[in-house]
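Peer 1: Spelled out, the chains give:
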Amino acid sequence: MKQQQEQWGSRVGFILAAVGSAIGLGNIWRFPYMAFDNGGGAFLIPYFVALLTAGIPIIIMEFSLGHKMKGGGPLTFAKLNRKFEWIGWWQGLISFVIAVYYVAVIGWAINYILFSFTLAWSGEPVAFFTGQFLAMSDGPFHLGGIRWPILAAVVFSWLVSFVALYAGVKEGIERANKVFMPLLIVLLLVILVRGVTLPGAADGLELLFKPDFSQILNGSVWVAAYGQIFFTLSIAFAIMITYSSYLPEDSDIVNNGFMTALLNSGFSILAGIAIFSILGYMMHVQGGELPENLSGVFLAFATIPAAINQLPTMSVLVGVLFFLALTFAGMSSFISINEVVVRSFVDKLDAPRKKVVVWYTVIAGLVSLIFTTGAGLYILDIVDYFINNFGVAVAGLVEVIVVGYLFRLSDLRDHANATSDFKIGRWWDLMIKVVTPVILGLSVILNFVENFSANYGGYGTLEVLVFGWAVAALAVVIGFVFARTKWADEGVL
Amino acid sequence: MSGGAIAFMVFGIVITWGGAAVCISIAMRAKK
Numbered sequence: 003m004k005q006q007q008e009q010w011g012s013r014v015g016f017i018l019a020a021v022g023s024a025i026g027l028g029n030i031w032r033f034p035y036m037a038f039d040n041g042g043g044a045f046l047i048p049y050f051v052a053l054l055t056a057g058i059p060i061i062i063m064e065f066s067l068g069h070k071m072k073g074g075g076p077l078t079f080a081k082l083n084r085k086f087e088w089i090g091w092w093q094g095l096i097s098f099v100i101a102v103y104y105v106a107v108i109g110w111a112i113n114y115i116l117f118s119f120t121l122a123w124s125g126e127p128v129a130f131f132t133g134q135f136l137a138m139s140d141g142p143f144h145l146g147g148i149r150w151p152i153l154a155a156v157v158f159s160w161l162v163s164f165v166a167l168y169a170g171v172k173e174g175i176e177r178a179n180k181v182f183m184p185l186l187i188v189l190l191l192v193i194l195v196r197g198v199t200l201p202g203a204a205d206g207l208e209l210l211f212k213p214d215f216s217q218i219l220n221g222s223v224w225v226a227a228y229g230q231i232f233f234t235l236s237i238a239f240a241i242m243i244t245y246s247s248y249l250p251e252d253s254d255i256v257n258n259g260f261m262t263a264l265l266n267s268g269f270s271i272l273a274g275i276a277i278f279s280i281l282g283y284m285m286h287v288q289g290g291e292l293p294e295n296l297s298g299v300f301l302a303f304a305t306i307p308a309a310i311n312q313l314p315t316m317s318v319l320v321g322v323l324f325f326l327a328l329t330f331a332g333m334s335s336f337i338s339i340n341e342v343v344v345r346s347f348v349d350k351l352d353a354p355r356k357k358v359v360v361w362y363t364v365i366a367g368l369v370s371l372i373f374t375t376g377a378g379l380y381i382l383d384i385v386d387y388f389i390n391n392f393g394v395a396v397a398g399l400v401e402v403i404v405v406g407y408l409f410r411l412s413d414l415r416d417h418a419n420a421t422s423d424f425k426i427g428r429w430w431d432l433m434i435k436v437v438t439p440v441i442l443g444l445s446v447i448l449n450f451v452e453n454f455s456a457n458y459g460g461y462g463t464l465e466v467l468v469f470g471w472a473v474a475a476l477a478v479v480i481g482f483v484f485a486r487t488k489w490a491d492e493g494v495l
Numbered sequence: 946m947s948g949g950a951i952a953f954m955v956f957g958i959v960i961t962w963g964g965a966a967v968c969i970s971i972a973m974r975a976k977k
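Taken in order, these protein sequences are the chains called R and V.
In short: position in the first sequence from 1, add 2, done, that's the working numbering.
In short: position in the second sequence from 1, add 945, done, that's the working numbering.
Be a bit skeptical, because a hint or two may be false.
Claimed, not checked - Taking lysine-lysine and the DSS-like style, the derived pairs with C-alpha atoms no more than 30 Å apart in a straight line are:
no. : chain 1 : residue 1 : chain 2 : residue 2
1   : V       : Lys976    : R       : Lys425
2   : R       : Lys72     : V       : Lys976
3   : R       : Lys488    : R       : Lys212
4   : R       : Lys70     : V       : Lys976
5   : V       : Lys976    : R       : Lys172
Calculated from the structure, these hints are not laboratory results.
Just chain V, same shape as in the assembly (with noise of 0.2 Å):
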């Protein structure tokens, strides 16, 4: 795989996911 293709997928995945990780963290904080 190239370089950008992997930059790329990497990036999906870190938006997504991070994103989500992110927002669920706010809410678990905010619970507390």
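Bound conformation, chain R alone (with noise of 0.2 Å):
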């Protein structure tokens, strides 16, 4: 049976869904901490430098790529050479790991949706968040039994998940992009401009932006620019060849690629402005001390709720608001994560979208049960620095690499000009095939280095083995056993 390619309704329905998947939770608690505590403004050199040296170029790469072969990541790489379909399960494996944890977060968020009502974290917001909300248990390994709320905000993001991809590529996935996306900015835009009219906010803006030019000629800032950059676009898991896999013939590349992410990073900036104005009125009201948490989960969960306490107007509508905000942000990203694994398998079994994306929703939502248990944290904590350094960094050197070299890099350079609002030149041939693979391949190796000296997140050695390295290595070894299987119909390749 050949299924019918579906298409985006239209080029901004495509654009909204890409940026959509872009920005996630790390645009709103991993950038403005990046930029803090690497140089200040100093910091925006090495990362625009960054975006358009690797960014750029990749996101290019890779919406070039689905767009000519018209598949998902296995599709993609098989009809380059069935010897990497590999590549893209892997990636698709990678995009499943990352779905049944980042659900979880998702869940939180909803949850805090309603908690902050009542501001029910009161005084202590850390205790409140790891004791009373998350129940966490004493280690990955002793799950401490299934938190409820949790649970339910889990299975409502499945279900908003499965509305959204059971419906198709048009009236699902860009339909809900299309509420989600402008609701997201409108809702940042309102966080922000309550955050940059409280006093002290000027004193938050100047710890972001003021710039320490010591820091350019830091090797490590240029690394974590380049990882920054890297883990922000949703790139080397297969979405971005998915989603563009699905653009009508005749549709620009180079110009889309350059929106959306422009796009993204211009959501950070705006998003660091809205975090740091909150963290200047923190100190404020402290007088001048810094908070201790400033990423990451403890950030949006401990660090803003304690913020949001102390605002002197409007504590409420913050709090709903900057946790609709996460929400938005987490959903959009969950979405396209679930739609690479769902594409991969239509692609191979020639299955009907929504027989794979029933069967897809429910393994995948039985396997996210294990991080709304007590040990939630502690496994997602391990997975997510695991499956992003050794799984989504290593897959994108390998991805660039093997397209840079194995490849004609001018004929997918030609396929993008061919259509596009403006062109790419050779130096986008130079990005690809020496900076990208240079600097990913240099973070890579400072990883491994890292964490053959000492385990993760002071974790014990069982813990990093059974939920870091094993999970990221049976991605490969899994993506490996899936492209030794046969295709339904091998006529697609």
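Relying on the hints, combine the two individually framed chains into one complex.
Peer 2: Have a look at this one:
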């Protein structure tokens, strides 16, 4: 049975979906701290260099691959050469792993929308988050039972994803992003305006943007900038390949790539202004003392709630809007991650999309249960670190080497230029073949060295072996196994 | 806020949102 290729309803719909995928929790809780910690305003220099020399070139490469090959990750790589199908499955499995824990964080954000109405965390946001809410056990191997409010929100999130994926690309994914993305921007702007009008906001922005030029000569700052660009753009886990496979034949590639990357970074800058304005206000209230947790899960679920408590007015509103923004940012990315896996199986099995969506949602939903337990945050922390640093980063490195050196990159460039508003030149080849592999390779080596000398996060060896190394390694191994199975319809290759 | 901080904040906004606006205007012109 030949599947009919779906298509986006409009260019705006595609851009919103691609930007919605790129904009995720990291834009809100990772970028601001990375900038603050790596030279403030001066960090923007390596950050924009990384955007132009790696982020935009890779996104254009993935858009071109998906558009030319008209497939998800496995089909795209199989069409390049059957020997490389496993790379597509590897990226699909990375997406699966990310999906099953990402949904838990969305579940937390949904719970916190409700908590915001009563400021339920009261004066002890950290204790509330880790104790009353997560009921954290004493380690990743002690599950400690399911947290029912988290489970309920996780089930709800899976239902939203299910509805979007089941309805299809145009009627589901595109429509969902046309709701989520404009709302997300409005929410961010409201929070930003509230933030910058608070006393002390300027001090927070001074911390974020005051340039420390000495940091520009620091190699680790450049690695951090390239890492931030790499992780923020949803590249190397086949999302952009899959999304661009639904573009009509005459669609623009290059300009769409620039737009997606720039809008994603623009959102990060605004999120940074909003977050650091609020942190500046906290410093103002606390006599100049900077709060402890400035990034990640604890920024969102402990520091921001603490700041919300101290707001002179509109505490409830800011709380609700902030966690709604987190939910929308997470949900649009979550849907895109799930689509990668769904599309991979639709291609391979030549199965009806709706059937695959049902099976995928049930299986992935069951796996995600582990993140609703008392050990959820421990496991999430380890899995997230390893699947990003030894999954996404390594898969990205393999992808640029394979596409850059084993195929005629100029063909892909010609394909992108043929339908684009403006063209890319030979500089693009140089970025894909040299700049990106060198910097990504360096950062992967540094990560290996760091993790061989000490366990991540102070966890036990068995804990990082089971939830870290094994998960990252299994994604490759299972990728190879899937790649050895037969295509239901060899004619698609 | 110091002049340096303000300059970099404006720099970040202009490069990203300004750049996106340029891309969007190119797309709209191409459509016509």
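Peer 1: For this structure, which hints from the list above don't hold up?
Peer 2: The structure conflicts with hint 3 only, although it agrees with all the remaining ones.
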